[in-house]
Amino acid sequence: MNVLITASASDFAPKLLTELLADSRVELAIGVDQEQNDFQHERFVQVLLDLRLPQLARVLQNIQTVIHLALALTDTDRNTALAATRNLCELAYAAGVRNLILVSSAFIYDTQIGNGAMREDHPRGAPSGCAPASALQAAEDWLDSFEREHPDLRLVRLRPHWVLGPHSNSLLAWVLNGHRTPRLPLPYPALQCLHENDLVQAILQAVHSQARGAFNLAASEATTLPELHKQARWFRLRSTPERVAQRYGMDSQCGELLRRDLVLDTARAREELSWQPRYTQTREILKSRR
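Numbering of the sequence shown is given in our numbering, commencing with residue 1 and proceeding in unit increments.
Honestly, the hints are just simulated from the structure, not real lab data. Among these hints, one or two may not hold up.
[Stated by the list, open to error] Restricting the straight-line Cα-Cα distance to at most 25 Å, the calculated cross-link-like pairs of lysine to any residue (SDA-like) are:
no.: 1; residue 1: K287; residue 2: H167
no.: 2; residue 1: K230; residue 2: P189
no.: 3; residue 1: K15; residue 2: V200
no.: 4; residue 1: K230; residue 2: L262
no.: 5; residue 1: K230; residue 2: Q201
no.: 6; residue 1: K287; residue 2: E147
[To be verified] Label-pair ranges, simulated between beta-carbon atoms:
no.: 7; residue 1: T224; residue 2: G129; range: 20 to 26 Å
no.: 8; residue 1: I113; residue 2: D11; range: 17 to 23 Å
no.: 9; residue 1: H229; residue 2: R98; range: 41 to 47 Å
no.: 10; residue 1: T224; residue 2: A83; range: 25 to 31 Å
no.: 11; residue 1: R283; residue 2: A57; range: 23 to 29 Å
no.: 12; residue 1: G116; residue 2: P185; range: 15 to 21 Å
no.: 13; residue 1: N169; residue 2: L49; range: 20 to 26 Å
C-beta atoms are modelled at their ideal positions from N, C-alpha and C, and glycine is treated no differently.
With the sequences and hints as input, model every part of the structure.
Below you can see the structure in the form of structure tokens.
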């Protein structure tokens with residue numbers, strides 16, 4: 001099997017590439033990014049290329065599976081992210097690729113609708129004005145029609161909650177690493193975390209299975225941000241979620257991600273992907289994230 005991975009210069013990609021290439025079934029991995037990475041392997045090739053360019057078609061020749069990390073791991077605006085995703089998917093399908101794995105996010109869900117743990121068919125509604133979440137939702141909305149038009153395409157959408165780990169640069173990871181504590185309303189919003197190693201395992205399961213559709217990914221235990229701070233035993237300077245997001249480099253409206261009560265139902269990933277996360281408790285994730 002030949003695999004193409006986008007955002008191959010991201011901090012997360014080397015972890016995934018190491019695990020992916022440890023499997024002899026993967027004969028070649030091609031990384032596509034606009035920046036060079038330091039990862040080296042005899043079965044890995046790095047290509048410096050903008051995903052929006054037509055030259056991507058040549059890179060996709062003889063590829064069987066595409067893992068699209070760039071949408072979730074790069075900071076691009078809605079139009080750029082959507083254009084890159086459309087070009088990648090259309091050229092991949094034209095080149096004969098029938099397995100596409102998209103890493104999206106749980107933050108595309110509308111938390112104003114319904115109560116309890118959200119399943120994969122929950123309505124979408126990313127926070128208005130939060131560019132990364134809006135880009136993810138726009139791409140998934142477009143993929144709905146693309147998938148209907150190509151029923152022979154096996155499309156997997158992985159929707160992780162907050163990702164923590166040595167290579168995570170999520171807003172929550174930044175907050176927990178000692179910068180700012182947002183002042184949150186009572187009762188504190190419920191959240192979940194996901195260790196980056198468990199995200200890697202979900203991607204690998206998706207690569208080597210015949211499963212298709214959307215899959216929520218999160219540790220079993222739900223918690224709150226103040227409880228995470230308590231477990232980490234660190235003092236923080238307090239601020240509003242909007243200012244925390246701005247200090248992190250995101251739109252102030254992305255502070256809404258920290259105000260959201262968001263708990264996921266992950267039964268489908270466990271049953272259809274045979275995904276068994278190693279880290280099920282937040283305390284375990286906090287201890288191993290460095």
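Checked hints:
| no. | hint | result |
| --- | --- | --- |
| 1 | K287 <-> H167 | holds (14 Å) |
| 2 | K230 <-> P189 | holds (15 Å) |
| 3 | K15 <-> V200 | holds (8 Å) |
| 4 | K230 <-> L262 | holds (20 Å) |
| 5 | K230 <-> Q201 | violated (29 Å) |
| 6 | K287 <-> E147 | violated (40 Å) |
| 7 | T224 <-> G129: 20 to 26 Å | holds (24 Å) |
| 8 | I113 <-> D11: 17 to 23 Å | violated (34 Å) |
| 9 | H229 <-> R98: 41 to 47 Å | holds (45 Å) |
| 10 | T224 <-> A83: 25 to 31 Å | violated (37 Å) |
| 11 | R283 <-> A57: 23 to 29 Å | violated (47 Å) |
| 12 | G116 <-> P185: 15 to 21 Å | holds (19 Å) |
| 13 | N169 <-> L49: 20 to 26 Å | holds (23 Å) |
The earlier numbered hints that this structure contradicts are 5, 6, 8, 10 and 11.
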